[in-house]
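Asker: First to last, the sequence lines map onto chains A and B. Just so we're aligned, residue 5 is where the first sequence starts under the working numbering, counting upward by one. Just so we're aligned, residue 3 is where the second sequence starts under the working numbering, counting upward by one.
Some chain A residues flagged as far from chain B (calculated, every beta-carbon gap over 10 Å): (1) T7; (2) N8; (3) I10; (4) K11; (5) T12; (6) K15.
Computed footprint of chain B on chain A; a stretch qualifies when at least three of its residues, placed anywhere within it, have a C-beta under 8 Å from a C-beta of chain B: (7) 52-63; (8) 66-79.
No lab work stands behind these hints: they were computed from the structure. Here the structure is a predicted model, which means the values were calculated and not measured. Note that beta-carbon positions come from the ideal geometry of N, C-alpha and C, so glycine has one too.
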Amino acid sequence: MKTNLIKTISKIALVLIPALTLSMTAAAHDPKLHAKKPEKADCSKMDHSKMDMKDPVAMAMMKKCMKQAEASSDKMDGEMDHSKMMDDKMDHDKMDHDKMDDKDMKTDEHNNH
Amino acid sequence: MKILKLLLLLVVLGIAVAATAIYSGIVNVAADEPHSDLVYWLLEETRETSIKKAAQDIEVPDLADPELLLSGGVDYNFMCASCHLKPGQKESDMSVGLYPAPPNLTIAAQSHEGHEHGDDAQSARKNFWVIKHGIKASGMPAWGKTHDDKRIWAMVAFLRRLPELTADQYQILTALDPNDNQEMDH
Numbered sequence: 005m006k007t008n009l010i011k012t013i014s015k016i017a018l019v020l021i022p023a024l025t026l027s028m029t030a031a032a033h034d035p036k037l038h039a040k041k042p043e044k045a046d047c048s049k050m051d052h053s054k055m056d057m058k059d060p061v062a063m064a065m066m067k068k069c070m071k072q073a074e075a076s077s078d079k080m081d082g083e084m085d086h087s088k089m090m091d092d093k094m095d096h097d098k099m100d101h102d103k104m105d106d107k108d109m110k111t112d113e114h115n116n117h
Numbered sequence: 003m004k005i006l007k008l009l010l011l012l013v014v015l016g017i018a019v020a021a022t023a024i025y026s027g028i029v030n031v032a033a034d035e036p037h038s039d040l041v042y043w044l045l046e047e048t049r050e051t052s053i054k055k056a057a058q059d060i061e062v063p064d065l066a067d068p069e070l071l072l073s074g075g076v077d078y079n080f081m082c083a084s085c086h087l088k089p090g091q092k093e094s095d096m097s098v099g100l101y102p103a104p105p106n107l108t109i110a111a112q113s114h115e116g117h118e119h120g121d122d123a124q125s126a127r128k129n130f131w132v133i134k135h136g137i138k139a140s141g142m143p144a145w146g147k148t149h150d151d152k153r154i155w156a157m158v159a160f161l162r163r164l165p166e167l168t169a170d171q172y173q174i175l176t177a178l179d180p181n182d183n184q185e186m187d188h
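Sequences and hints are given; from them, build the entire structure.
Answerer: Pasting the structure below:
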């Protein structure tokens with residue numbers, strides 16, 4: 005009975021020890037090297053003066069940056085739907101003016117509330 | 003009769019040598035130990051001839067559409083750049099560790115040592131075939147199992163322009179806006 009148990013434990017150890025050792029080596033270097041996060045195109049680095057607008061690379065870059073600009077402006081519009089901002093529906097009494105930044109108040113031209 | 007006996011002996015000897023090589027464990031398969039020059043040449047020639055023959059009848063579509071660069075660029079960045087590098091990059095874990103070393107695709111095909119690339123069309127055919135079918139025992143996967151021909155041609159279009167791209171151009175072409183709804187099925 006005991007010998008069977010020892011045999012089973014030895015077998016498990018035989019599998020587990022190399023597996024653990026291997027997995028530790030795999031995690032040994034910086035995982036950031038392999039992480040690929042989506043990132044925005046850095047369109048500020050486009051040098052229009054050096055670009056040949058007939059070149060497919062330049063055309064592709066322009067297309068990408070225009071699409072990105074459109075997407076971010078759409079997103080802004082979505083987040084701030086000005087058409088729904090009706091002044092008469094804003095309950096200014098419920099606004100805690102103490103918590104408002106003084107700087108913002110000075111620059112805010114809507115100070116006749 | 004004598005010739006037949008000699009041939010039989012040679013066959014038996016050949017099988018014995020092959021069996022010894024296979025089962026004795028003398029062949030070193032470690033990727034950090036390079037092949038001998040002869041073995042390397044044999045494998046390289048076999049691979050190049052095979053790809054050339056397999057790809058010779060592939061019809062190359064028009065690869066000038068800028069949209070192809072955008073789609074191919076994103077795919078290259080996610081699927082290939084870790085081995086085949088980005089502009090300005092000299093090496094990566096994969097490019098150093100893999101054997102045979104994956105070619106640096108940020109430099110022009112003519113600069114690669116060892117084999118001919120042919121003209122633009124031939125190079126495009128070969129690239130398409132390799133991306134689609136992969137290469138056995140080299141670390142190059144067969145992307146055709148998960149990507150359609152259109153996407154693979156887009157990668158080929160991107161590869162044609164890759165050696166000319168600056169790091170900034172590469173970043174813009176390959177970036178994937180997190181807010182964009184573009185498909186990311188890698």
